[in-house]
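Chains A and B supply the protein sequences, listed in that same order.
The first sequence begins at 1 in the numbering used here and counts up one residue at a time.
The second sequence begins at 167 in the numbering used here and counts up one residue at a time.
If a hint is listed, it holds; no wrong ones were tucked in.
The following label-pair restraints were derived from C-beta to C-beta distances:
#1 A307/B <-> A120/A: 46 to 56 Å
#2 P224/B <-> T15/A: 23 to 33 Å
#3 G81/A <-> E319/B: 45 to 55 Å
#4 A417/B <-> A84/A: 51 to 61 Å
#5 T264/B <-> C141/A: 27 to 37 Å
No lab work stands behind these hints, which were simulated from the structure alone.
C-beta atoms are modelled at their ideal positions from N, C-alpha and C, and glycine is treated no differently.
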Amino acid sequence: MTIDITLTVNGTARTVRVEPRRLLADVLRHDFALSGVHVGCAHGACGCCTVHVDGTPRLACLTFAVQCDGKAIHTVESLGGVDATHPLQQAFSIEHGLQCGYCTPGFLMTLAPFVDAMVAERRVPEDAEIREAMSGNICRCTGYHGIVAAVRRAVTEQIETGSAQP
Amino acid sequence: MRPSSFRYHKAESVDHALELLARFGEDGRPLAGGQSLVPMMNLRLAAPEHLVDIGGLPLTDIAFTDTAMRVGALVRHRQYLAEPRVAHHFPALHEAVTWIGHPTIRENGTTGGSLSHADPTAELALAAMLYDAVMIVRNTAGERRIAAADFFEDAYVTALQPGEMLVAAEFPLPPVGAAGAFVEFAERRGDFAIAAIGVSITVADGRIATAAIACSGAEPRPIRAPEIEMMLSGRPLTDPQSRAAGRRLAAAIDPVGTFLTTADYRKALIGELTARAIDTACARAASR
Numbered sequence: 001m002t003i004d005i006t007l008t009v010n011g012t013a014r015t016v017r018v019e020p021r022r023l024l025a026d027v028l029r030h031d032f033a034l035s036g037v038h039v040g041c042a043h044g045a046c047g048c049c050t051v052h053v054d055g056t057p058r059l060a061c062l063t064f065a066v067q068c069d070g071k072a073i074h075t076v077e078s079l080g081g082v083d084a085t086h087p088l089q090q091a092f093s094i095e096h097g098l099q100c101g102y103c104t105p106g107f108l109m110t111l112a113p114f115v116d117a118m119v120a121e122r123r124v125p126e127d128a129e130i131r132e133a134m135s136g137n138i139c140r141c142t143g144y145h146g147i148v149a150a151v152r153r154a155v156t157e158q159i160e161t162g163s164a165q166p
Numbered sequence: 167m168r169p170s171s172f173r174y175h176k177a178e179s180v181d182h183a184l185e186l187l188a189r190f191g192e193d194g195r196p197l198a199g200g201q202s203l204v205p206m207m208n209l210r211l212a213a214p215e216h217l218v219d220i221g222g223l224p225l226t227d228i229a230f231t232d233t234a235m236r237v238g239a240l241v242r243h244r245q246y247l248a249e250p251r252v253a254h255h256f257p258a259l260h261e262a263v264t265w266i267g268h269p270t271i272r273e274n275g276t277t278g279g280s281l282s283h284a285d286p287t288a289e290l291a292l293a294a295m296l297y298d299a300v301m302i303v304r305n306t307a308g309e310r311r312i313a314a315a316d317f318f319e320d321a322y323v324t325a326l327q328p329g330e331m332l333v334a335a336e337f338p339l340p341p342v343g344a345a346g347a348f349v350e351f352a353e354r355r356g357d358f359a360i361a362a363i364g365v366s367i368t369v370a371d372g373r374i375a376t377a378a379i380a381c382s383g384a385e386p387r388p389i390r391a392p393e394i395e396m397m398l399s400g401r402p403l404t405d406p407q408s409r410a411a412g413r414r415l416a417a418a419i420d421p422v423g424t425f426l427t428t429a430d431y432r433k434a435l436i437g438e439l440t441a442r443a444i445d446t447a448c449a450r451a452a453s454r
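So here's chain B without its partners, still in its complex pose:
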C-alpha cells in the first residue's frame, strides 16, 4: 500500500512542465491534486518513473467569454460550486460536481486530473460530453483542441499522447434559459457511480426545443444518446414522456455486468435515471 520509487520534478511554468513531459514521454505523468493518480500508485496499479508536479502552475481559473467558459486544468472541483455563473449557464454540470467524491476530495481534485484520468463514470467527463466541451491540449510543439466525444476513448484511455498535457476545458455557453439536471446512482453517496445521466434542454413555447442527454455506466466511457435527444425535441415540458425515453435508451445499450451489478440491472437503472433526469430538467424549466 505504498508507491514504488519515482523521480520528482517541480514544474516552474507550463512550458517547463511540457519540456519535462516531452523528455519523459511514456514514463512521465503530471501530478496535480493526486486524488486519482496517488491511490493508483499506492495500490501499485500505476508506477510512473517520473512525476511532474504542476500543482503550482497558474491554470487555476474559471473564465468566461461571450461564447464559452474556460476551465483551467488546476481548477478544483469546489470552485465550480463557488462560481454562480456555473450553475446559471451549466446547471447539470453544477449538479454533477456535487456528486464528485466527498468534500475533501472536491477541495483537492482538479479538472485536468479527472478528465485525463477518464474514469468511465466520472462526473466531469459526463458533463464534458453533455455540453460538447473541447479539451485544450498542449505539448512543446503547440496546442490542439479535441472534442470531448473524441477525447474519451475507453476506460482510463484518452486521446492524450505522451508529452501532451490537458491545460483547459472549454464549455460553449448554451442558449440563455437552458435547463438541466444530473442524477447518479452509487452504492453509497460519494462512491464511484454505477450509472449517471445528465440532461440539458432548451425551451420554446412550453416545449423542449433541443435536448442533450449524456450517460455513464452503459459503456467504458460516457456516451450521448442522439436518438433520445431527437425523440424529446418538440415534446411539452408537462409531458415529456420520459419513461418511454428511458425504456428506449435502456433497450439501445449493452452494458457489461460487474461484481456489483448485472448487465440487466444496469440497463434498468439507466432507464430509470434517464426518466428522472428528464422529468427534473423539464420541471425546472417549467417552474421559471
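Pulled out of the complex, with its shape left as it was, chain A reads as follows:
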C-alpha cells in the first residue's frame, strides 16, 4: 500500500508517494534531502528528530508521514540557513552549546518556540525552566550547561535589542 501525500516543507509544497509505515523523519531525510533531521533512538527518547508540524514541536520518529498530509513541516534548515544565523544558533555557537552536533537540530527545534515565547513575554527564564523545556532532548557531549547558557543568551539579547523573531 502506498499513499500520495502533500507536505509543505519549509515553505514549499510537494506531493510524495509513501508507504504508511514510513516515519516522517525518514521521509524528510530521504525524499526531501533534509539531512538536518537526525534520527537518534527512533523511539521517542532522545529528541534528536524534533521538527515542527503546523508550528508545534513533534518527534518525527513517532510520526508517520501519512499523518501529516496537508500539514506544514519545518525542519532545522528553516531556522537560520547554512550560515546558522538564527539568534539561538548564534548563541549555541558562542556558549559552546554543541560539540559533535548530532543532537543540536533537535535542541534548536525544541527550544526555538520556547525562546520566542520568553522574548514575547520579555522575561528571562530561570535555569530550572530552561532545563524543563529541554528535558526531552539528550546531549552526550556538552553536559547541558552550555545549552542552558545559550538559551539564556538568546532570550536576553533579543529582549535587549527588541528584536523578537517572528
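With chain A held as given, fit chain B onto it using these hints.
Structure of chain B alone, referenced to chain A:
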C-alpha cells in the same frame, strides 16, 4: 527500529472510525498522538495490520458541566495545564500532568491514547483512579460507561473490546475546596515512573473529612488504598500522621522487583511518597 507494514485509514468522523474499528476487530488500532503506540511499533512490540487515524476528529475539548469535567479522547496533555479549572477542581490531576513525559510529548500525546495504552505507572491512569473517573467507550452498537477501577485490568490491558474506542473520560467534580497532591519518583524527570502517589482530600473544621489515595508502582495497574483513606478521615491537617499511613500502605502491598528496583525498595519508596503526598495535600489545604 522501523515498524512493520500496515494499512492506513483516515477516519472522517467518529462513526467512520467506529465502523473501521468494527471491521478490523483485533487487527485494528486507533492512531492519535502516537506517543505510546508508535515507539512500540518501531520496536516491533506492536504490529497492528490496520491503523485508523483519528487525529482529525473533534474530540479535542475539556468541557465542564455542574457535576463533571468531560475530557475528549484527543485532548493533548498540555491542555490540562492551560485550563485553569483543571488546577482549581483537580489539583492532583494538574500536578500529575506536569510529570507526563517531556514538553514535546505533552504537546502531542492524548488522553485517550494514554488511558487506552494503560501503562502501569501512567500519570493519567492514576489520576483517573484517584478521582473516580468514568471511561466513555463507544462502538458501532452504542456507548458504555466504565468506572476507572474496572477499566484498568492489568499492565497494558483494559476493558476495551475489539471494535471499541475510548471517546472521553468523565471526572466527577469533587466538593468545592478539595485539596490534592501528586508525587512521583523516576530515575530521571520525564522517565517512566517507578512509583507515584496521588492524594485528594476534603476538609472540615481543620480536619480531613474524606481522603482518596491512588498508587502506581505497587501492582501492574494503579490501585486505590481504601484502608489508608479510612485511617486519614478525621485527622487534623496539622498532624495527619502521614508516616504511619505510608508505613501501613507499604506493608499492605506486594510489588514485584525489576531490573531497576527490588520489591523492598519499591515498598519503601511507596511508603515515603505516600507520606510526602499526604503532607503536601494537608499543607495546601491548611494554607487556604
